[in-house]
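Peer 1: My request is simple: use the sequences and hints to build the entire structure.
Sequences listed follow chains P and V, in order. Reminder that position 279 of the first sequence reads as 279 in UniProt numbering, one-by-one numbering, no gaps. Reminder that position 220 of the second sequence reads as 220 in UniProt numbering, one-by-one numbering, no gaps.
A couple of the hints might just be wrong.
[To be verified] Estimated spans, in silico, between C-beta atoms of each pair: (1) Gly109(V) / Asp15(P): 23 to 31 Å; (2) Glu127(V) / Glu249(P): 55 to 63 Å; (3) Leu368(P) / Glu127(V): 40 to 48 Å; (4) Leu353(P) / Met1(V): 32 to 40 Å; (5) Leu51(V) / Lys24(P): 52 to 60 Å.
Simulated from the structure, these hints should not be mistaken for laboratory data. Positions of the beta carbon are idealized from the N, C-alpha and C atoms, including for glycine.
2 protein chains.
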Amino acid sequence: MSLIVQKYGGSSVADAESIKRVAKRIVETRKAGNEVVVAVSAMGDSTDELLDLAHQVTPIPAPRELDMLLTAGERISMALLAMAIKSMGHDARSFTGSQAGMITDARHGQARIVDVTPGRVRDALDEGAIAIVAGFQGFNRGTGDITTLGRGGSDTTAVALAAALDADVCEIYTDVDGIYTADPRVVPRAHKIDRISSEEMLELAANGAKVLYIRAVEYARRHGVTLHVRSSFNNNEGTIVYNESATEETIAAAVRTSTGTIPVQSSDPSNPTQKSETTVEEPLIAGVATDLSEAKITVVGVPDIPGKAAQIFNIVAKTGANIDMIVQNVSAASTGLTDISFTLPKSDGQTVLTTLTAEQSEVGFASLQYDDQIGKLALVGAGMRTNAGVSAKLFTALYEAGINIEMISTSEIRISVVTRADTVNDALRVVHTAFGLDGDEEAVVHAGTGR
Amino acid sequence: MSLIVQKYGGSSVADAESIKRVAKRIVETRKAGNEVVVAVSAMGDSTDELLDLAHQVTPIPAPRELDMLLTAGERISMALLAMAIKSMGHDARSFTGSQAGMITDARHGQARIVDVTPGRVRDALDEGAIAIVAGFQGFNRGTGDITTLGRGGSDTTAVALAAALDADVCEIYTDVDGIYTADPRVVPRAHKIDRISSEEMLELAANGAKVLYIRAVEYARRHGVTLHVRSSFNNNEGTIVYNESATEETIAAAVRTSTGTIPVQSSDPSNPTQKSETTVEEPLIAGVATDLSEAKITVVGVPDIPGKAAQIFNIVAKTGANIDMIVQNVSAASTGLTDISFTLPKSDGQTVLTTLTAEQSEVGFASLQYDDQIGKLALVGAGMRTNAGVSAKLFTALYEAGINIEMISTSEIRISVVTRADTVNDALRVVHTAFGLDGDEEAVVHAGTGR
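Peer 2: Rendered as structure tokens:
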């Protein structure tokens, strides 16, 4: 018997009808002969509503109590989901993060998983029940307190359960058909990626692809969990995120388990967006991601002497801000001064500006410039490792479209560029075309007509 | 240092503003030098909203999952209350029923407390924090599952914590000033009772007084907990519910602790509704309660042979219905048949009728009559034990008002009568007057102008 972990997000369980629809899908998975563990998020916008309530009570809610509050959200969705399944004649049991053995450190609001001891979940499966686990939440042994895992927490819950229970596959259900070569709302000819390595997925997620959270991908990669990102509105095969170290047989088995009777790697002629060569040869480029959530800070007139960059980024590090790209201009010989630019989430912008300004005389820079009208585009593909000329092709495509590049940063399997925010969607389309990623048909963004 | 347990119901924490108001009251109690433990209900109508959601998913929700669902309600209110207190600069910690050691049996939806192990609550107090405990909820050790205590559960949580922590007093906050001699909405001259024995309170609660739940009073009585029922909208002294076995000093100490600087048994002339003789001599009558929630079933033409009543009530008992008054007419000698009438909650009426009808030929009765237009009035007072003529005075008052009595039932400290539903409020007023309970001023029903 195979074990499947499924994760359903808030939009999949937004109301009683959605919950019944999800329950039916879970029951079908069980009936197909699988053991099923489900990680579920809070209903629709309920987490935001609870946050609103907290802020009506106090501008800065105590972190322990905020976690206690927010975990009520999944408690509601998981109980409703379990009762929906039971009303369909199948045994189901809901478990809080604590009951499911999601042991974390004590950092409220952003706890890290330190151990997973899903004894009660395993017992429920052994007794033939479907286990419904609250996503996003955990439990600290030292304090005995409830914790939450922060952004993308429910994805992480699902992956951690899949790892601890040695599941055959971890299915991440969402409202799109899988991971696309680019955002289909911007690039109508973006096509669904059939398979992507977790390394490439990490780069895409880190550079703005919204479907999977980077943290869950990291966890899956470290523990060798095969992910299947797919739509909760149809039975199509989605995107398989595989570990580079996994064998072809392991991956194929995961796909078989997950898709049930759907033929593996079907060459169904009615699905022309499926690129047949993906099984034959690793594609050069997996996908292109864009991100409009970042801003750029330029530290102007920094004395070009050793240790200055370190000094600046030590100051920035104290704010906890997540720095992304860093560029240092060549120093002007005449002045002995240089400029250092870096990108960071807009939400961290004000704090970093304030902190740097306070240290201006200590560091000795001339001024700060803040720019929140930037867009980032990242081209990701493991094939870059063995293919020269990718950067040149990228820069040429952007040049021919009249799009100016402001910053460049590269890794082994990724090239990122910063442009003006209002050109990034044009950039995405020309790059998608230039690298031959356009499918033959327009992507169906929402297949939300039920099943 | 005294220890006070306070209970706040859903209407006291209905929104963010109410929560802040309650937090302020709790902080004041702490500042007065007391250790404070709070049992809190779910916000306003949120439990009903969760129930609605469950019924949208399935008509008969699985009891385990329903408890999981409903306990999200207090989780929200207690976390918000704790963060409100913390934002006022006082340490506070919220605890679920499980964390607070409310150990119950496994009967979901109506669990009974089997043990209270409030180690974490005690630790929080020892560290100077205010402990906020979720009312209504518990935990079964055998299954590891979350349970709920059923109707009046939050009152019971408060009393059980007060007993386990050996609190000096358990304050039950509500939207009225205390227990009244009669419902002030019906009897404008009803006056607040300053003190009432738990035995009398039990009879009042069992006969329709809504402010306290009978189960919490029973628990308090069994464990010697002194209750103080008072308004959350002012600082007035409310009603002390004392155990008959408690000494006068114990009760006075509880009152002193609870009222802080308010003089005990003040004879403040601005409070003329306070009857000065209540401290001198036990009053004949504590109060009068009415109840319109019951119906009457009459089993017509029962063979008057031994064992028939037992047979009927064994059948009724199987439905789980809570039978209240039972009256059997004298058998008509000519027929050898008798009628048996009993009252029960209207909500149980249909089930009992169906069950009895199914056994009609077995029992051999002629027919069933169902009457849901009855009202019950109960006169309660420990003074009845040593005073003859109470029944006669009651019946006379009703007769003179032209109110017909349909059933009568008595206990050592209570007389109950059943009348037509539409006469029960008139009955309440004339009885209240006949027994000298009318105060000199009209009662203030809602003092809800905040403070």
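Peer 1: Taking the hints in turn, state whether each one holds.
Peer 2: Going through the hints against the structure:
The supplied range of 23 to 31 Å is met by Gly109(V) and Asp15(P), whose beta-carbon atoms lie about 24 Å from each other. For Glu127(V) and Glu249(P), the hinted distance range of 55 to 63 Å is satisfied, since their beta carbons lie about 56 Å from each other. In this structure the supplied range 40 to 48 Å holds for Leu368(P) paired with Glu127(V), their Cβ-Cβ distance being about 44 Å. Take Leu353(P) and Met1(V): their Cβ atoms lie about 49 Å apart, and the range 32 to 40 Å is violated.
Taking the beta carbon of each, Leu51(V) and Lys24(P) are about 23 Å apart, not inside 52 to 60 Å as hinted.
Hints 4 and 5 from the list above are not met by this structure, while the remaining hints are.
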